[in-house]
Amino acid sequence: MTSLILAEHDNNTLADSTARTITAALQLGNSVEVLVAGDGCAKAADAAAQISGVAAVLKVDDPLYAHPVAEAVAALILSIASRYDAVLAPATSTGKAILPRVAAVLDVPQISEITRILDADTFERPIYAGSVVQTVKAPAGTKVITVRPSAFAAAAAGANAPVVVTPAGPDPGLTRFVGETVSQSTRPELTTAKTVISAGRGVGSKDNFDVLLRIADKLKAAVGASRAAVDIGLTANDCQIGQTGKVVASDLYIAVGISGAIQHISGMKDSRIIVAINKDEDAPIFKIADYGLVADLSPVLQEIDLELARRGYA
Amino acid sequence: MKVIVTVKRVVDYNAKVRIKADGSGVDRSNLKMSMNPFDEIAVEEAIRLKEKGKADEIVVVSIGPSEAADTIRTALAMGVDRGILVRCDGEVESLAVAKILKSICVAEQPGLVITGKQAIDDDAGQTGPMLAALLGWAQATRVYRLDVSDRTARVERETDTGLETIDVCLPAVVTTDLRLNEPRFASLPSIMKARKKPIEEKTAADLGVDTTPRVTVLGVKEPATRAAGIKVESVAELLDKLQQAEVI
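Chains X and V, in that order, are what the protein sequence lines are. Heads up: the first sequence at position 173 corresponds to 173 in the working numbering, and the numbers run straight through without jumps. Heads up: the second sequence at position 72 corresponds to 72 in the working numbering, and the numbers run straight through without jumps.
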């Protein structure tokens, strides 16, 4: 049994979601190979080769993969898929776009966004925005699986697997990358941050949000948001946490002005300690919070910022 | 250009689903059912394309029980021209859905298919890319902005790091994200008018697709619940607690 993992990377560094997906793949009891497709991706391939449990890295270095265009990457995976019993990718915006194409052409169902592996065929995955957990058994044939990164620990470094140079796959020529607007942030990456502070509609104004950003910097926290906060333009779409956004499982999650719709809770309820700050004492978010503070947001954000400074957080 | 838009009848996003006593599945009886919210956005986008003169006919497809005709009527009331209902009772997996849609696309020859990026019941997010792959077409998932030209479409899509712009060759499959548009409400006159619009009924067998599930659902359960926490009275008390827990 051998698994192929589609690595997520920016040519130089490997995304943490890859190491987490490797952990999941190792639980299948398989030999694990990692596909690093990129353009000038030697560093990312070397990083993948160092992850414990990796048997080999397939490096496909070609301008075709300068950006992870779904049609081209799926065609590449399909060109080598017959060698593998399972194909896995992290359930990111990239993995989610590519893997269903692979499953469809292989004529196998995909198991989306697994959160637990019971045995090599049996998986848990959330449905209905995480309000229900489903246990499913995959049929015989190649397994095509996306893995929710926050549900698995990252595999550690400590190996030295061979990096095998592998030819590019066919160019489907269907899609052309034009450009991207990447949110620039010096803060930690949201899905792997130890601390996340999230804004909801209740934060209300840009002024309040700016104070929240100052608090985030003092706590070295990533900044998240509810759908409502993104919709009113407080922050960019890639900050959205929940059923249709990102899923986090941080050590500390601070929800500010977030009422706690199931669609948001599904994206953060596996955090270790949850703090809710809301002016409405009946907000559902308090039912899942370890520590709740009922307060008007504008003064309380100022107060937290000052109190953190007083306690030496800079 | 003809546009096909797909709609799924799902448990309303505000309804709380219950687990059947034997844990075999979700009890959907007596729950409010609605059009999948992402599909509403897909319907709206198709109608806007027609209003802009980019599309000349919109066909809505739903796969599901006879009640899915109500979901199709909702789309017709919003402004879609005609409907196709593929009658299937029970769960239909994404791959079978994609095969049914492929068969319809081969017959209808659309220039564009618009689907939701995921359904809010199974949260699988597979149908759009699977359909594109089966047809050998381009895809654009999580679409934030769509600009259709003659032979290509320029698409902005939401990614985990921001926004990406791509050009896709048509025909293509695009899947909608939340901020693509705000779906309209159907007016009473358009609801009345929609009653006269045609809905063609087919079965999966008519289209040569076997919908027997291939993934076995062994059971469902509630997720682990969190123990109730405490309310703190002040910022100082909150920060004390967090320092004691060594998370700040």
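Read the hints as simulated data drawn from the structure, not as lab findings. Hints are not guaranteed to be accurate.
[As the list claims (entries may be wrong)] Take a look, some chain V residues computed to stay more than 12 angstroms from chain X by CB distance:
hint, residue
1, K2
2, A69
3, K117
4, F185
5, L188
6, L218
[What the hints assert, rightly or not] DSS-like mimics (lysine-lysine), calculated; alpha carbons at most 27 angstroms apart, straight line:
hint, chain 1, residue 1, chain 2, residue 2
7, V, K32, V, K231
8, V, K221, V, K32
9, V, K221, X, K269
10, X, K269, V, K32
Backbone N, C-alpha and C define an ideal beta-carbon position, used for all residues, glycine too.
Results for each hint:
With a closest Cβ-Cβ approach of about 19 angstroms to chain X, V/K2 is found to remain outside the 12 angstroms limit, as its non-interface label requires. V/A69, annotated as away from the interface, keeps every beta carbon of chain X farther than 12 angstroms; the closest lies near 24 angstroms. Listed as outside the interface, V/K117 is inconsistent with that label: its C-beta sits roughly 7 angstroms from the nearest C-beta of chain X, within the 12 angstroms cut-off. Residue placement check: V/F185 keeps its beta carbon more than 12 angstroms from all beta carbons of chain X (closest about 18 angstroms).
The non-interface label for V/L188 is consistent with chain X: the shortest C-beta to C-beta separation is roughly 28 angstroms, beyond 12 angstroms. At the 12 angstroms boundary, the C-beta of V/L218 falls inside the reach of chain X, the nearest C-beta of that chain being 4 angstroms off. For the proposed pair V/K32 and V/K231, the alpha carbon gap of about 34 angstroms is over 27 angstroms, so the pair is violated. Restraint check for V/K221 and V/K32: the C-alpha separation of about 21 angstroms stays at or below 27 angstroms, so the hint holds.
Distance check on the hinted pair: V/K221 and X/K269 sit about 16 angstroms apart at the alpha-carbon level, within 27 angstroms; holds. Proximity of X/K269 to V/K32 is assessed by CA-CA distance (about 26 angstroms); at most 27 angstroms being required, the pair is judged to hold.
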